[in-house]
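> If you read the protein sequences in the order shown, they are chains A and B.
For the record, in the first sequence the residue sitting at position 56 is 56 according to the working numbering, with numbers rising by one throughout.
Just add 163 to wherever you are in the second sequence, counting from 1, and you've got the working numbering.
A few of these clues could be false.
[To be verified] Computed footprint of chain A on chain B, listed as stretches where at least three residues anywhere in the stretch have a Cβ under 8 Å from a Cβ of chain A:
| hint | segment |
| --- | --- |
| 1 | 175 to 185 |
| 2 | 244 to 254 |
| 3 | 270 to 276 |
[Claimed, not checked] Just a sample of chain B residues kept apart from chain A, beta carbon distances all over 12 Å, derived:
| hint | residue |
| --- | --- |
| 4 | Met-164 |
| 5 | Tyr-193 |
| 6 | Val-197 |
| 7 | Ala-203 |
| 8 | Leu-206 |
| 9 | Gly-212 |
| 10 | Pro-224 |
| 11 | Arg-237 |
| 12 | Arg-240 |
| 13 | Phe-241 |
| 14 | Glu-260 |
| 15 | Lys-282 |
| 16 | Glu-284 |
It should be emphasised that the hints constitute simulated quantities derived from the structure, not laboratory data.
Cβ atoms here follow ideal geometry from the backbone N, Cα and C, with glycine treated the same way.
One-letter residues, chain by chain:
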Amino acid sequence: MSTKSIAADAILALVESLGGAVIRVVETMAGAAPRRMNPYLMTDRATKGDITAVMGLVSPNEVGAFAVSFQLATIAGIAEAMLGEAPDGPGELEDAAGEICNMVSGAARAALPPERAFEMAIPTVVTGKGHSVFQMSDLPGFVIPFETDHGPFHIAVVLKRRH
Amino acid sequence: MLSPNARILVVDDFSTMRRIVRNNLKQLGYENVVEAEDGAPALDRIREGDIALVICDWNMPGMTGIELLRHVRRDPRFADLPFLMVTAEAKKENVVEAIQAGVSNYVVKPFTAQVLAQKLEAAVGA
Numbered sequence: 001m002s003t004k005s006i007a008a009d010a011i012l013a014l015v016e017s018l019g020g021a022v023i024r025v026v027e028t029m030a031g032a033a034p035r036r037m038n039p040y041l042m043t044d045r046a047t048k049g050d051i052t053a054v055m056g057l058v059s060p061n062e063v064g065a066f067a068v069s070f071q072l073a074t075i076a077g078i079a080e081a082m083l084g085e086a087p088d089g090p091g092e093l094e095d096a097a098g099e100i101c102n103m104v105s106g107a108a109r110a111a112l113p114p115e116r117a118f119e120m121a122i123p124t125v126v127t128g129k130g131h132s133v134f135q136m137s138d139l140p141g142f143v144i145p146f147e148t149d150h151g152p153f154h155i156a157v158v159l160k161r162r163h
Numbered sequence: 164m165l166s167p168n169a170r171i172l173v174v175d176d177f178s179t180m181r182r183i184v185r186n187n188l189k190q191l192g193y194e195n196v197v198e199a200e201d202g203a204p205a206l207d208r209i210r211e212g213d214i215a216l217v218i219c220d221w222n223m224p225g226m227t228g229i230e231l232l233r234h235v236r237r238d239p240r241f242a243d244l245p246f247l248m249v250t251a252e253a254k255k256e257n258v259v260e261a262i263q264a265g266v267s268n269y270v271v272k273p274f275t276a277q278v279l280a281q282k283l284e285a286a287v288g289a
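The following block holds chain A by itself, in its conformation from the complex (with noise of 0.2 Å):
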């Protein structure tokens, strides 16, 4: 198996853990599934929300980050099906973002076989049309989109070999 696609069986099986673990994260915290659209290949590092939260990843293999970005009216939807009242301005907004990212990491690390097992740190939250989050340009990246009564969010994925 070549170098090549040994990271693209790795950011398979971790694009997969997280769409499962996003869909259960916001059915459980807010009431209502998402629904997951057709994956996509990353073609540029700017995001199409307007908050998100990114965490850095680290296995024994490879290293990398994701990210879930929302769209203003989303988020906002999202955290106050979540809180059952209305949240209480912008950083409460970025807050519950940052919490949603935290739950969907450990969802999607439980439910990773150990071979596929990774670390991933405490969230990181940016804000503002068109932000970029991924730094290493360079590396292989995956896309979710996801549809919700609220509006739309997605996920994305970028991972590389270590060594």
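Given chain A's structure and the hints, the job is docking chain B onto it.
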């Protein structure tokens, strides 16, 4: 079983999760809730001696939830203080580590209000 006036400490670095837990507790009839953003201020608050239950995140900057739990259990005054870990750390080894450190019960995120209520009741011996 906790009295409705029991003071509950919720520890999480995310204000969203503190608010979700606080609102769930309110639905269960517990409104005497205080909060801390990580383990160090939580430990100070516990040492004041009026906390009846701790609901704590695992993964926080500064003192983590498991470190807080170990500090709490080292103090004989709090050897039996109900301590509920609410965390995204869902791996079996994390659960084992928390049990060995003396956790009363363990809730894996994401969770529903019903699950939190069940775990809380088990943690306080209802």
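> Taking the hints in turn, state whether each one holds.
Against the structure, the hints:
Residues of the segment 175 to 185 of chain B lying with their CB closer than 8 Å to a CB of chain A number 7, which satisfies the three-residue condition for coverage. For the segment 244 to 254 of chain B, the stated coverage by chain A holds: 5 residues have a C-beta nearer than 8 Å to a C-beta of that chain, and at least 3 were required. Counting residues of the segment 270 to 276 of chain B whose CB falls under 8 Å from any CB of chain A gives 5; the rule of at least 3 is met. B/Met-164, annotated as away from the interface, keeps every beta carbon of chain A farther than 12 Å; the closest lies near 25 Å.
Here B/Tyr-193 stays apart from chain A, with its beta-carbon at least about 15 Å from theirs, past the 12 Å limit. Every Cβ of chain A is farther than 12 Å from the Cβ of B/Val-197; the closest lies at roughly 18 Å, confirming the non-interface assignment. Interface exclusion of B/Ala-203 from chain A stands, the closest Cβ pair being 16 Å apart, more than 12 Å. Against chain A, the non-interface label of B/Leu-206 holds: every CB pair exceeds 12 Å, the least being about 20 Å.
For B/Gly-212, the requirement that its beta carbon stay farther than 12 Å from each beta carbon of chain A is met, with the minimum near 30 Å. With a cut of 12 Å on Cβ distances, B/Pro-224 falls inside the contact zone with chain A, its closest approach being about 6 Å. Once the 12 Å rule is applied to beta carbons, B/Arg-237 is consistent with being away from chain A; the minimum gap is 26 Å. Look at B/Arg-240: its CB is around 31 Å from the nearest CB on chain A, clear of 12 Å, so calling it non-interface holds up.
Listed as outside the interface, B/Phe-241 is consistent with that label: its C-beta sits roughly 27 Å from the nearest C-beta of chain A, beyond the 12 Å cut-off. The claim that B/Glu-260 lies off the interface holds: its Cβ sits roughly 15 Å from the closest Cβ of chain A, which is beyond the 12 Å cut-off. For B/Lys-282, the condition that its CB be more than 12 Å from all CB atoms of chain A holds, with the nearest at approximately 14 Å. With a least CB separation of 20 Å from chain A, B/Glu-284 remains clear of the 12 Å interface cut-off, as annotated.
Comparing the model with each numbered hint stated earlier shows that hint 10 is the single one that does not hold.
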